[in-house]
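Enquirer: Residue numbers (our numbering): 3 to 677.
These aren't lab readings, by the way, just hints derived from the structure by calculation.
It cannot be assumed that every hint is accurate.
Unchecked claim - Computed cross-link-like contacts, BS3-like style, restricted to lysine-lysine with a CA-CA straight-line distance of at most 27 Å:
(1) Lys94 <-> Lys358
(2) Lys412 <-> Lys400
(3) Lys608 <-> Lys658
(4) Lys77 <-> Lys222
(5) Lys593 <-> Lys283
(6) Lys439 <-> Lys487
(7) Lys94 <-> Lys191
(8) Lys593 <-> Lys554
What the hints assert, rightly or not - Between beta-carbon pairs, the in silico distance windows are:
(9) Ser272 <-> Asp353: 45 to 53 Å
(10) Phe427 <-> Asn622: 29 to 37 Å
(11) Lys477 <-> Ser602: 36 to 44 Å
(12) Lys168 <-> Ser580: 58 to 66 Å
(13) Ser595 <-> Asp467: 27 to 35 Å
For glycine and all other residues, C-beta sits at the position ideal for the given N, C-alpha and C.
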Amino acid sequence: MKPKKADQLQVEKLSTLIRTHSYKYHVLDEPEIEDSEYDVLFQELLSLEERFPELLSKSSPTQRVGSKPLSGFKKISHGSQMLSLDNAFSIKDLEDFDKRVKERLAIEEDVEYCCEPKLDGVAVNLFYKNGALDKAATRGDGTVGEDITHNIKTLPAVPLELLRNKEVTTIPTSLEVRGEVFIESSEFKKINKKLEEEAKKPFANPRNAAAGSLRQLDPKITASRPLKLFIHGYGGSDSPLEEIPNNQFEMLQLFKKWGLPINPETETVSGIKSCIEYFSKIESKRNALPYEIDGVVYKVNNFNLQQRMGKVTRAPRWAVARKFPAETGKTVINSISFQVGRLGSITPVADLEPVKVGGVTISNASLHNFDEIDRLDVREGDVVIIKRAGDVIPQVTKVDLKDSVKRKPKIKQPKTCPSCNGELFRDEGAAALRCLKGQECPAQLVEVIKHFVSRNAMNIDGLGDKIIRLFIEKKIIKSVSDLYKIKEEDIISLEGFGPKSSSNLIESIKTSKDTSLQRFIYALGIREVGEATALNLAINFNGIKRLMEVSKEDLIEINDIGPVAAGFIHDYFSDKNSIELVNELILLGLKLSPPQTDNSSKFSGKTIVITGSFTSFSRNELKEQLIVRGAKVTSSISTKTDFLISGEKPGSKLSKAEELNIKTLNEQEVIDLLN
């Protein structure tokens, strides 16, 4: 069956619509349609292309995922050399750089610089032909890189075809642009948490995660990772010089119009004093940025001046990177112990001689797994380098062999669990050892109960780590259900307890019996079930018995619950021990209130963003109250946002909302509307 003219026009229309909405979402951060609406457009295009393969183009939005795994990476030559940057480590270094620029240009007036945060990511080079993405490469040695075309196409932020619109009518026949692929800090944590739960080796840092995700022979693996991209450089084009901007900043603005994402923190400043002020500003907001940076890049803004400045062998004379103060320190490993996680993974932990790194005193660091111990060849008594970046857990990066004299024997993997002496197992392809004893293992039981009683779960006040361990040691609790069997006389004579504290704890346990269904589901600690998923399940099933009987297929049908989470949920409620635990907890008097949805609320059908902190409730509690009233709570401001709820110390979302004329509600206004 041949396509009709109408089919061809519809394919072109859908492709344009999808590219436009992708641009507004990934580049402008101003989505105009819901994800579900985007999915409808995408599926319609996919359906048409499957019916009429002759209408499928290489630059179609549907071609981001699906290529066959590669056997290896080919090599690609860069059109112009991808240079490195010289570093400045102090204000004096930066002033010296500015002085050299002025001397080489023979000028005295202030130089205009284009300034941007220095991302700690993976440098890439993108080649466009006639506006369509032709190929992509890593930096490599600066002259030749690895072909990552299939993988780069899976990044939603990368336009497969440059945008043409009223503002931009001319696109070069050939264009080369440079950028940085990275993973946001929050996504990095999620990836590592999942890897550790699967007993696989976690990534050492976000940069390694980005590099490892980008250099996959199977593009589908790359597509599953939340990679992002900022374009920061111009590699060349076949356009006459008069048709392109004459400076770095304006070129970046043109890139943005073409649909290429650029860093919104990029600015132009005049003179070295303003460069120093820009550095201070970025450094002060460093930990608030969603991605890791390790400094600031300064480039002479004018392209003609850049050409006059020239380059040395490896770096341009017209640019420099000023690094933040090092967040590393040197210390001694006193001992290495093994911790058991909630799901049984064995994690080696280094006990350190306390050292101050980045303003924080570090006394221990995770060694992740035994593959990491072997890679570092780290031993007790070694002098090691510790790194801390943002709020990432401190880690040992290397052993200082010069200072590590009379080294002790290598660390041996334990054969039995350090907590219960149970046999340890290592799944094929996994990095971590695992104890399979579950709640029979005291260490796992501690972590299970800590999660069960936590604030966002059953919220039992007064049950901290120390007390939980004491109760397990004294055989007062052997499982989660034993919490609800504790009597005052069982604990009043224990260390740290008296009549009042015993009474308070018993009352707190009793109070927790009357809870919401979503809190209880979250408290069970099912893999892949966070607070949002627990609330989603509670809304859809309205009772624990219904959830326990649901099939995996029915779970997959629920929005935002994929096959992996559905599998874990179904497996949990198919397990004999889990069924017995839930039934026993119900018999012990737990009353689980299903969420009371209210579609008549003023929040029903509204898209809401939350920023800042509140005195009457936590952000999670507020989010829950909004969702059960029919609201959709999102993380970013866009033209589709109906309300921004702003608490104390709001972030940049408040100014974004003001720019878009989005109504802002304070805490009291929200309370009034909720009531």
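Enquirer: Which numbered hints does this structure break?
Expert: Violated hints: 5, 7, 11; rest satisfied.
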